[in-house]
Every structure is written in C-alpha cells, then in structure tokens.
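Line by line, the protein sequences are chains L and A.
When you line the first sequence up against the numbering used here, it's residues 1 to 362, in that order.
When you line the second sequence up against the numbering used here, it's residues 1001 to 1362, in that order.
Certain hints may be false.
Computed list of lysine to aspartate or glutamate pairs in DMTMM-like fashion (alpha-carbon distance at most 25 Å, straight line) [as the list claims (entries may be wrong)]:
#: 1; chain 1: A; residue 1: Lys1219; chain 2: L; residue 2: Glu19
#: 2; chain 1: A; residue 1: Lys1256; chain 2: A; residue 2: Glu1024
#: 3; chain 1: A; residue 1: Lys1104; chain 2: L; residue 2: Glu232
#: 4; chain 1: L; residue 1: Lys256; chain 2: L; residue 2: Glu44
#: 5; chain 1: L; residue 1: Lys219; chain 2: A; residue 2: Glu1103
#: 6; chain 1: A; residue 1: Lys1182; chain 2: A; residue 2: Glu1345
Because the hints were derived from the structure by calculation, they are not lab data.
2 protein chains.
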Amino acid sequence: MRVINFNPGPAGLPLPALERARDELLDFEHSGMSVMEHSHRGREYEAVHNEAIALLTELLGIPTSHQVLFLTGGASQQFAQVPMNFLTPGTSADYLMTGVWSEKAFEEAKYYGTPRVAVTTVQPDKHYTRVPHQDELRLDAKAAYVHMTSNNTIYGTQWHTFPDVGAVPLVVDMSSDFLWRKQDVGGIALLYAGAQKNLGPSGVTVVVAARDFIARGRKDIPKVFRYGIHAENNSLYNTPPTLAIYLVRNVLAWMKSVGGLAQIEAWNRQKAALLYGALDQHAGFYRAPVERASRSVMNVVFHLPTEALDAAFVAEARTQGMVGLKGHRTSGGIRVSTYNAVTVENVQALTSFMEHFVKTHG
Amino acid sequence: MRVINFNPGPAGLPLPALERARDELLDFEHSGMSVMEHSHRGREYEAVHNEAIALLTELLGIPTSHQVLFLTGGASQQFAQVPMNFLTPGTSADYLMTGVWSEKAFEEAKYYGTPRVAVTTVQPDKHYTRVPHQDELRLDAKAAYVHMTSNNTIYGTQWHTFPDVGAVPLVVDMSSDFLWRKQDVGGIALLYAGAQKNLGPSGVTVVVAARDFIARGRKDIPKVFRYGIHAENNSLYNTPPTLAIYLVRNVLAWMKSVGGLAQIEAWNRQKAALLYGALDQHAGFYRAPVERASRSVMNVVFHLPTEALDAAFVAEARTQGMVGLKGHRTSGGIRVSTYNAVTVENVQALTSFMEHFVKTHG
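So here's chain L without its partners, still in its complex pose (with noise of 0.2 Å):
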C-alpha cells in the first residue's frame, strides 16, 4: 500500500514513472539487461538521454538560445561551480538572500571571487518569512551575475515574479520549485535544479543555461568543472548517472502525457489553494508565518498552537497514511510540501484532516 507522501525532497515520484521502472528493470525494451547496465554510449541509453533532453526542451519551452545540461552534486555543487565558471579574484556578483540555501551559495563563492548581498529579508530572529520586492534590489549593474534562489523549502517562501536585473545574468537556483509551471527561461542565463523534487531521484542536476553564457566560462578551470565542456559533449563528457537521467526521462514523459506543464501548473494552484485556504479559515489555530504575496505553492508551512499539537498532527495524519509532514529541524512546526506527484485528492484528504484536527483539538 503506498503513502501519501508529503516529503519535501526527495520528494514521491509520479507512480506511472515508478512503475514503467519496474516492470523493466531487468530488461530495458528487450535489449536483455537493465538500463542501468547499459554502455552510456551505446544506442539505446543514448535514445534515453537526448529524450529526456527533448522532452525537457519542449515541456518547458526552452528556446534554441539556452542547452540543457544533466551534472551531478546537487545545489550544493552548483553553488561553488557557478562562481568557478564566472568569477575570478576581484570581480563581484550580487545575491538575493532569501533563506538558508541562498546563503550557502553566497558562502561558497567567497572562494572565487566577492560576492555582495544585494538584498536580504533575514528577520532578526534569521528566520525569511518573505522574499523581495525589486525596489528592495541594491544591484550593482557590474556584476557578473545575480544569484537567486526561486522557492524556499524552509521558509515556505517563493519567487512569484522573478525581479528585473537589468543586463547582468541572471542565475536561478530552481532546485525546489522547477517545473512547477510553465515559465519563460529566456530571460534567465542560468538555472539549476537537483532532480529530487519535481524531477526524479536524487543524483542528478538539470542545468539549463543560455549557450552564450556557457561560453563566457572560465578556461583556467579543471575540464570536468566548465559548464562550456558538459555543452560540448551533451552531458557526455563522462560517464552520466544513466539510471538517474532514465528516470527524469520518465517522469517528463508522464508529464506531457498528463496535458504538460499547463496541467500540472492548474493542479499545483489548486492543491495550494486548498491549503492556504484551509490555513486561512482556521488563522486562529493554524498560524501560517508567511507573507500573502511570497506563499509557496510548493511547500506550505504553518504551525499549530503548540509544540506537542504540531508533534500531535504529524502522529495523527501518519495514522491516516499521510506522511513527511514534520517541518524542517530549524522552523518545526508543520511543512506540506505539494510537489508534482501529490494529486489534488491527496491534499484533499489532508485538509479534510485539518478541518477534523481543529474541531478535536481547537
């Protein structure tokens, strides 16, 4: 019997994408061994590979300006390889600071160049309760790019314009909100996401950045570091994690199946509006911290009156078969994280529990 599973990351993966995996794992169309077993080079994970490319380029729009990239080491790798590639000693680029990740990022480019915190919504108490509006931005229009971060696992916070930077590049990490929608990634020079959340398992990095971006990378940088060598070889410059990308594959393949990103944009609107809805008709008992406008449609996060109430609605809805509602170590309360494989029904039957535990325990 599978959960209802409200994790925020690795997130539950869409069952049709789970079952295709398993019904051949041992034999991938015929080919008489595993995917997984596959030469990276051989026809038939090649197949894979530039499908989940394709699939990505068309669920999503990209135009033939931007590459899309499959890297490995999560965010967090990402957070030292962009100012690797586009900072050196003496040159700045500005960043957002909208929660802990976006600190971690700015942390990490200290060592390749000097970041500047262009913004920051940190409350005394370091917790983010919102993200910026643009005439917050103190931008320096000689940056080498603006770092963002687009939603905020923690904090239940999320980018829902993305702010005007001028002509200085603009990097997004999207590892928690990407292909929640369809979005126009024209405008953006880089994004990166780690597939654990809308994507895939974890183990793989979508990178999707303008092809004259990539060029403007560093070339005094170890060869396996240069986003300009992954473009080069179509993510192929070493062996790939191939499982990882056939699964991607197979949950882009689900999404288009389902009506693409149009669909699953209407069900996340949906799910978040019978959450915050929920929130919002009980204020007095469910306390949501987030300001109205910076609201998550991906993780929604609230409290209940006390500490041993919040540890009760995790106990009780797990009864129920719903789970990875706790919220994250740092803000505790409670943290629904409605990333694409949690259907409309399932957030219905947690609010319906919600509406059960504020008439037992309010």
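Add chain A to chain L, keeping to what the hints say.
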C-alpha cells in the same frame, strides 16, 4: 531473456541485486514508498546508507584508520578534487602514467599545482601495453602524493602489486577494478572508484581514505569539494544519490551472500585463466598485446587477424547472446570485461565460442 553482458562499464550487475530492487521499487520495506522517495534524513534511508558503508568495510576489511565516503561526479571529478584538496600552487604530486585515464588525471592537477610524471609506459603509438616496474619509478620524496590508476580498461593492463612509494601518500584510481579481490587498503591514503563496474549503477563514487590524510586537505576551497566536510557528515552534507547508494548496498549484500571477496576473487581468477588460456592456445589467431605480467583480470583485450574478423567476432557472438565485446574506439579489436556479475559459466560460453570461431575462421 537476459543477455551475457561483457560491457566495460556501466557493467552488468548481479541479478539478485536487481531483482531485489525491482521487487521493492514501489514499496520499500513496507514503508509505502520507493527507497528513492524517502528523505535522506529519515531512518529508512539512513539504515541503507550505513549498511552500505558497513558491508564495504566488512568485505574489504577496511581499518578504522580509514573512512568510506559516497560522492558523485565519477572518477573524472576526483581527477580534479584530489589536487584541489591536496595541492597548492608550487607544490607537486607524482603521477604514474599507464593510460588515458592517468593522463586526464594529470591534466586536471595542473590547475592546482605542479604534477610530475614519475614514470610512463606510453609507446610511440600512444598506446600502453604494460604497467611499470618498481625500478622505473622516479619518485620525488617531497611530492604531496603519488597518483596511480590500478587498472586500465582501454588497454587491459593492471597493477597486480602496488608500487612502493615510501612515505608519500598513495592515491589510487580504482574505478575499473575496485572489489575484484580482497585488498589491504590500510597503506593507501585515498582511493576512489566510480561505482559502475563492480559496485552499482553510475552516479555514485566511492572514496576510501585515511582519516589523517583527509584532515590535511585544504580548508580554503568550497565546502562541497572538501573531503573533510563529507567525512564529518557521513556523506550526508548534501542530498546523496540515494537510489544509487541503495543499489550499491544490494550489490554488496550479494557479494557477502556468495562468500565475500575470497569467492569473488576465485571466480575472477578462473575467468581470467579461461580467457587468457584460450588466447595463448590460439596465439596465432588471437593476438593479445599486453605484457603477461600486466594482464588485467578485469578487461581482456585482443585482436583478430583483421578488422573484418574483429567485426565478425562481435556480430556472431551477439547472435549467441553475448554483447559488449567491441574494443574501445581508440584501440579497436575485442575487449572482454569480466566484472563481478559475469559468471564463470558466461566466460565458458565465450571461450567455447572462441574455439568455434577459430575453427571456422582460422
């Protein structure tokens, strides 16, 4: 129907490890979700992670002076990560050149220090047919480390005895022969291996390193590249490739179940004896270019009298259900990779076919 898979990597994996993955792919240990949908911070995944480390430690007899890490990026990333951690501008490391992979490792080290070629067995035609003898090494006692490649997949050469490098830390790229036998790793400062040969799918890199060597790593590099950070966090500094590590766990559990590395080594020696025996018996037809003492137990390389016969051999073997036999594109000929999932019976089928082929085409 599963084929007989002689792929050089990603290589075939033991069927029981794959069947176990298939059987619980949708519902891991009755948790209601796939292992890849579990949080890397949850007790279910952490048990798998720690079991993989414990099994590897037990199978190889890793001493407490050493620690096991699970990283990503394959050997190619280690080519850069090792010098990033252990070289500074002006310091040198000694490289033992035995093939293309040693050459690539050497090139990446140039971005961090001054690597030296302490020996090379390259021939005028740029190929390699042997590993060096101890008395050929020109070692620098002040080197930060000595780097070597224990097995050379492309050329089919292997170090059967590791060189004496004195007090200088030994770093070994074991990507293509890790776990072919029980091996004392206490004298190795750091070894690394992409999983995709004897260990699991591509997408995870195993590092086994001396704790005191790790501690000497540079602190002025990004956190994500420091071995020390991953060691302190038991390879959970950031989200690890959980599915790949789970599969490594399955493969290690299989190794233990069949009798551990003593049994694995016995099978590997039998397989190599069968193949080299067939080559030597028909030395007029099958040409094995590798010097006898350097012959690899993992990759058996040979040529037929003509390229047309090489191609016919590969094509006819395929009709018998044997795949993955084509030599590397830079060397041509035939390459039989006999990683741990290849059985003695599989190799007997191939040597029977070789006998037949020499009779019909010799």
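* Tell me, in ascending order, the numbers of any earlier hints that this structure violates. => 1
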